[in-house]
Every structure is written in structure tokens, then in C-alpha cells.
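**Q** These are the residues of each chain, in order.
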Amino acid sequence: LAKTTQPISMDSYEGQEVNITCSHNNIATNDYITWYQQFPSQGPRFIIQGYKTKVTNEVASLFIPADRKSSTLSLPRVSLSDTAVYYCLVPGFQKLVFGTGTRLLVSP
Amino acid sequence: EAQVTQNPRYLITVTGKKLTVTCSQNMNHEYMSWYRQDPGLGLRQIYYSMNVEVTDKGDVPEGYKVSRKEKRNFPLILESPSPNQTSLYFCASTAARQSSYNEQFFGPGTRLTVL
Numbered sequence: 040l041a042k043t044t045q046p047i048s049m050d051s052y053e054g055q056e057v058n059i060t061c062s063h064n065n066i067a068t069n070d071y072i073t074w075y076q077q078f079p080s081q082g083p084r085f086i087i088q089g090y091k092t093k094v095t096n097e098v099a100s101l102f103i104p105a106d107r108k109s110s111t112l113s114l115p116r117v118s119l120s121d122t123a124v125y126y127c128l129v130p131g132f133q134k135l136v137f138g139t140g141t142r143l144l145v146s147p
Numbered sequence: 021e022a023q024v025t026q027n028p029r030y031l032i033t034v035t036g037k038k039l040t041v042t043c044s045q046n047m048n049h050e051y052m053s054w055y056r057q058d059p060g061l062g063l064r065q066i067y068y069s070m071n072v073e074v075t076d077k078g079d080v081p082e083g084y085k086v087s088r089k090e091k092r093n094f095p096l097i098l099e100s101p102s103p104n105q106t107s108l109y110f111c112a113s114t115a116a117r118q119s120s121y122n123e124q125f126f127g128p129g130t131r132l133t134v135l
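Chains A and B are the protein sequences, given in the same order.
Here the numbering used here is used: the first residue of the first sequence is 40, the next is one more, and so on.
Here the numbering used here is used: the first residue of the second sequence is 21, the next is one more, and so on.
Worth flagging that the hints you see were computed from the coordinates, not collected in a lab.
Take the hints with a grain of salt, since some may be wrong.
Unchecked claim - Below, a list of computed lysine-lysine pairs in the DSS-like style, where the Cα atoms sit at most 27 Å apart:
#1 B:K89 / B:K38
#2 A:K134 / B:K77
#3 A:K42 / B:K77
#4 A:K108 / A:K42
#5 A:K134 / B:K91
#6 A:K134 / B:K85
#7 A:K42 / B:K38
Said to hold, decoys possible - Distance windows between CB atoms, simulated:
#8 A:I47 / B:K91: 38 to 48 Å
#9 A:E97 / B:N71: 44 to 54 Å
#10 A:T68 / B:N93: 28 to 38 Å
#11 A:T111 / B:K37: 40 to 50 Å
#12 A:E53 / B:N71: 38 to 48 Å
#13 A:E53 / B:V74: 18 to 28 Å
#14 A:I47 / B:P103: 23 to 33 Å
#15 B:K91 / A:N58: 39 to 49 Å
#16 B:T40 / A:S80: 18 to 28 Å
#17 A:N58 / B:S87: 39 to 49 Å
#18 A:T68 / B:T40: 36 to 46 Å
Even glycine gets a Cβ: it sits at the ideal position worked out from N, Cα and C.
Whole structure, please, built from the sequences with the hints as guidance.
**A** Written out as C-alpha cells, the structure is:
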């Protein structure tokens with residue numbers, strides 16, 4: 040399983056764009072990059088997944104450079120309800136390994 | 021509504037008293053898994069199941085048992101709970117396609133306290 044490294048915490052204000060970068064230097068050829076969101080006392084929720092270049096859905100965008108050794112989750116115009124922990128994962132077959140994630144605090 | 025349900029949501033028990041935490045999903049998913057979450061340690065996988073009657077150990081299986089007699093249910097059994105099993109437990113499920121193992125649906129969690 041590829042180890043991931045991401046910032047422990049980030050602060051932002053409502054309406055700003057937030058970019059959370061994750062490094063995964065030893066990602067394997069077949070690995071996908073996956074991001075989850077978790078609110079306190081709730082189960083993690085899948086946000087987005089990508090393999091290369093850019094993926095966008097109704098919640099976020101995921102940018103993956105050509106070498107795939109890092110990825111950036113972009114949350115456009117965050118609101119207070121985006122305050123949560125965000126996990127970057129490079130899942131192995133049948134397994135999700137969650138690190139401590141990035142704690143995002145959005146203030147008014 | 022597609023969901024994963026867990027019961028109970030909260031449980032306080034004493035050391036050595038057997039307990040079962042139930043998990044059920046209504047999405048016809050083949051794959052199910054149990055995780056525990058502890059402060060500073062993230063989520064760690066306890067057991068997983070690829071399908072009915074197929075289970076395997078995750079990273080922290082000691083002190084736990086599971087069974088998968090039906091596709092929709094995946095109970096977690098603590099035969100003799102100990103205080104170090106005090107934790108927040110999550111059940112998750114997904115369809116059995118390799119890329120979709122990455123998109124797992126999590127239950128609401130069960131907060132267990134063992135005194």
C-alpha cells in the first residue's frame with residue numbers, strides 16, 4: 040500500500056477555495072487516488088477518486104500530475120458545513136488505510 | 021434509501037461480557053468490512069468479507085470475530101471484551117469490482133465503551 044502524507048490541519052474562510060495536497064511517492068501503476076470526508080461521529084464519506092489528470096464532480100475536483108506522486112483535492116467556495124477531516128488514500132485491493140487526515144476548519 | 025445500518029449506536033459494557041454489533045446493508049454489496057477508529061490512529065480494518073461465507077483478517081483482528089451467513093449482514097462479535105476495545109466502530113460495504121473497493125459506504129458508527 041502506498042503511504043500518503045497530507046497536512047494535519049488547514050484553516051479557511053467561507054467562500055474561499057481550499058486546496059489540500061497529498062503526496063504518495065510510491066504509488067503503484069494500477070493504484071487509484073481516493074478522497075474521503077468525515078464529520079465528527081459519522082462514518083467517512085467517499086468524495087472523489089481519480090487515476091490521472093483531472094476529475095470533477097458536484098462536490099470537488101481532483102488534480103493529479105503526470106508523475107502521480109501527489110494529488111490535490113480542490114473544494115470550491117467552502118462553507119461552514121465543509122468543516123471536516125479529509126483523508127487521502129491510495130487503497131490496496133480490498134483495503135482502505137486511513138491515516139490521520141487533514142482537519143479543515145472553515146470560519147465565517 | 022441505500023444505506024448501511026449498525027446497531028447499537030452506543031454501548032457501555034463490562035469486561036468479559038460477550039457482545040455483538042450488527043451491520044446490515046441494503047445495496048446487495050458483496051464486500052463488507054469492519055473498522056475501528058481511535059484518536060491519533062485513524063481507521064484500522066478489523067475484518068473483511070468478500071462474499072457469503074468468505075471472511076478474512078484485517079490489520080487488527082485480535083479479540084474479534086465475524087460471520088457472513090447472509091449477503092446483507094456482517095455482525096462483529098466480541099467474545100470477551102476488554103477495555104482496549106473501547107473505540108468507535110464502523111461497518112462498510114461496496115460492490116465487488118476492483119475499482120469500487122475504493123468507494124466504500126460506511127455506517128453511522130457504534131461507540132463502544134468497555135469498563
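**Q** Tell me the numbers of any earlier hints that the structure contravenes, in ascending order.
**A** Going through the list in order, the structure violates hints 7, 9 and 13 and respects the others.
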